[in-house]
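When you get a sec, could you build the whole thing from the sequences and use the hints?
Protein chains in written order, with UniProt numbering: chain G, 1 to 262; chain A, 1 to 283; chain W, 1 to 297.
Simulated from the structure, these hints should not be mistaken for lab results.
Treat the numbers as computed from the prediction; the structure is a model and nothing was measured.
Cβ atoms here follow ideal geometry from the backbone N, Cα and C, with glycine treated the same way.
Don't take each hint at face value.
[Said to hold, decoys possible] Quick look at which bits of chain A chain G covers, simulated, 3 or more residues with Cβ under 8 Å: (1) 42-53; (2) 164-177.
[Said to hold, decoys possible] Anything over 12 Å on all C-beta distances counts as not near chain G; from chain W, calculated: (3) P103; (4) V196; (5) S295.
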Amino acid sequence: MNKNIDVIENPVLKVEDLCIAYNKSDSKYAVKNVNVTVKKNSITAIMGPSGCGKSTMLRAINRMHELYPDIKTEGKIYLNGENIMKMDTIQLRRKIGMVFQRPNPFPTMSIYDNVIAGYKLNGIRIKKSERDDIVERSLTNVALWDEVKDSLHKKGTFLSGGQQQRLCIARSIAFQPDVILLDEPTSALDPIATSKVEDLLVELQKDYTIVLVTHNMSQAARISEYSMFMYLGDLVEYGKTDMMFTNPRNKKTEEYLTGKFG
Amino acid sequence: MKSDTITKYVLLFSSFIILLVSGGMIFSLLGDAVPVFEKFGWRFITSTDWNPTEGRESYGALPFIVGTLSTSILALLICLPMAFSTSLFIAEYFKKSAFSSIISSMVDLLAGVPSIVYGLWGFYTLRPFIVSLGLDPQGYGIFTSGLILAIMIIPYATSLSSEIIAMVPNELKEAAYALGATRMEVIFNVILPGARSGIIASFILAFGRALGETMAVTMLIGNANIIPTGLFSTGNSMASVIANQFGEADGLKMSALIAIGLLLFVITGVVNFVGKFIIKKLS
Amino acid sequence: MSTEKSSIDLTKNNTYRSVKDKVFLWTVIVISIITISPIVMIIGKLVWKGFRQINFSFFTAVTPSTFEAMTAVANGEIIPGGIVNGITGTLLLVLMASLIAIPVGIIIGLFLYENPGKRYADLIRNLSDILQGVPSIVLGLIAYLWVVKNITQGYSALAGSVALAIMMLPLIIRSTEETMKMIPGTLKEAGLALGVPYYKVIIKVLIPSGISGLSTGVLLAISRILGETAPLMLTTLGNPMINWDVTAPTSAVPLLIWDFYNDPNMVDLIWSSSLFLMGFVLTLNIISKRISAKSKA
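Put into structure tokens, the structure is as follows:
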């Protein structure tokens, strides 16, 4: 085992020998042999320069790569001890939510319908009162309720970028997942909206396990408990965020964190 | 005068040609349709009596209007599921794969087949097939014409629909997949609502094509100047009656045929305008 | 919170949903295959029934008379003669329609490109779109009223070309405008900055840089009009002999197909003529695709 990688007892997520290539016939891997474990109810950040495979790895966790037949994924990922490669994708994605780089509320749906989109898309029928509950609770959890409660039936695309991104987080937590994956969720937002989303994530880790890809080191430093540093598809270092920032074990990590490249 | 000014004016004057052609078209059609409208008034549109016998001349275009509309609507209904599936095949399920380019070039080929060849194929292949199915003893009529029209307009509906479907942003589809939706659920809940108006416009434009098609319909509709009574009834369409009766037409009959041309021009113009309007609003 | 989590259980409807998903996929595949099957059947039929009639005389002789055809059919022989009068007629019609529509269409396309966003240009663009939707039979009526009645005082090749030219015009305008939009504006500016008059920039810079787009548009427009039958029935009428006089009635391949279809003795000729016509149209389509693929690469 790599001495730069900490192992967490009773993890929510456990990744074993994960390899991903963008071309089935090609042996050029975008993610190489990653082994990692993720702590429950915490924020784990994945950092690294662009093209290092951080988003690629994140998207493997809810098997997003299966939408693109050219991508080859090898290895095992366990969610609470269950191999996700053997799970039904519907069930898996219900347990692992995802928020994307650019806010992407469904433009044809209202704010209300966006929040319960998971239920609608999956054909789950619930009572109106229950629906109202879920919408109010999810929007309250992302601190959006007060801002939109009078315009719930307007289109979600009328909101500002930051509000849209919080709406997307609400859409994901309305479904009560175990893990939320966020792929650079603040890269398209201004600083104020970014800090709101960050506060929200800190709040949400009480109930959810959060894995966050970020290109922004200070964001990782501010909100995450654990951090991974990836470089050229390798997981170089993984451990407590404050330890990594104050005392990196690997030279590459140190160079990245001190801004020598990136 | 500077040469650049001359160039500018040449470009400007050339555009008048479009004004002249479109204006002249309406003017000529209207002018030559006047006699029949003067004589019959609204009865030209509402009457079903078409009788060119001299002395007892009577021209009512209703059977042809009904014939054109019923074959075109039938064509649209048949074309809907087919063009829709083909667009999904090309722009969603097999996007960018070899399958998709094979199917889309086949669809392009369909667009290149001349109307008269469709008519021949309809006459020698489709019609006997309908007879052998026992649907109709002759195989002529609204159904056969509608079917051949459907095949003819599929390329128009498919090429535009698949373009619009391919334009639905990937991130929206991914958002739905991330919530656990199946591909079919993504198609019906994300892609279709997003591409709806574009798809509708493509079918409206395809419908406009069906309205004006002449040769294939002429060869298959049965050319009976009656209001069709059912799916397998014979009839006649506006374009077909012009093609069929033009040769021996003069005087009032010529005016009646030109008036039918005018009606066809107006109907297709309105349909196309609506379709283009929706597309303009999209972009 | 943990109790709520377990309340959302998808395992119940999972199987049903994935089965539905699969069924839908296969429905799409099957319907798509049905949709494209007519083209295979049409080409198959044309080749199968038409190739026997395609021989040397098919391209060199004029159409036989009904009597000649009848005798040949009665003796079980191939119908003599060919469709050269149709081929020359089609060439004449297409040539003249192109001579009218290509320069005019390109100039109007340039006008639209030069005046983006202007009200008047929008009007022209919309009118051109509407022209594109006008049924070809109506264009036949128009050419009859304008040319047959007033200019040539009788059915003529010119009348047919006018109808076909009006069909081509919107297609060429559209493709010119689109092509010009793709040419980097800096190219035009570079020319103008050198003090070159604008018409020279058009002829020496814009048209040569957009030549592949323009020729694709022209070829597609020609392939659209090649098979047109209805407007020709109203304008050029037909002619059993080779005709190069633009004021006289002339034949065309699609018109001949229509004649053969209506004459029981000549029916055997429809397949070879259709095969020839389809082959012509498809070749143009393929060439234009090649050109546009090459310019994009």
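Hints breached by this structure
1
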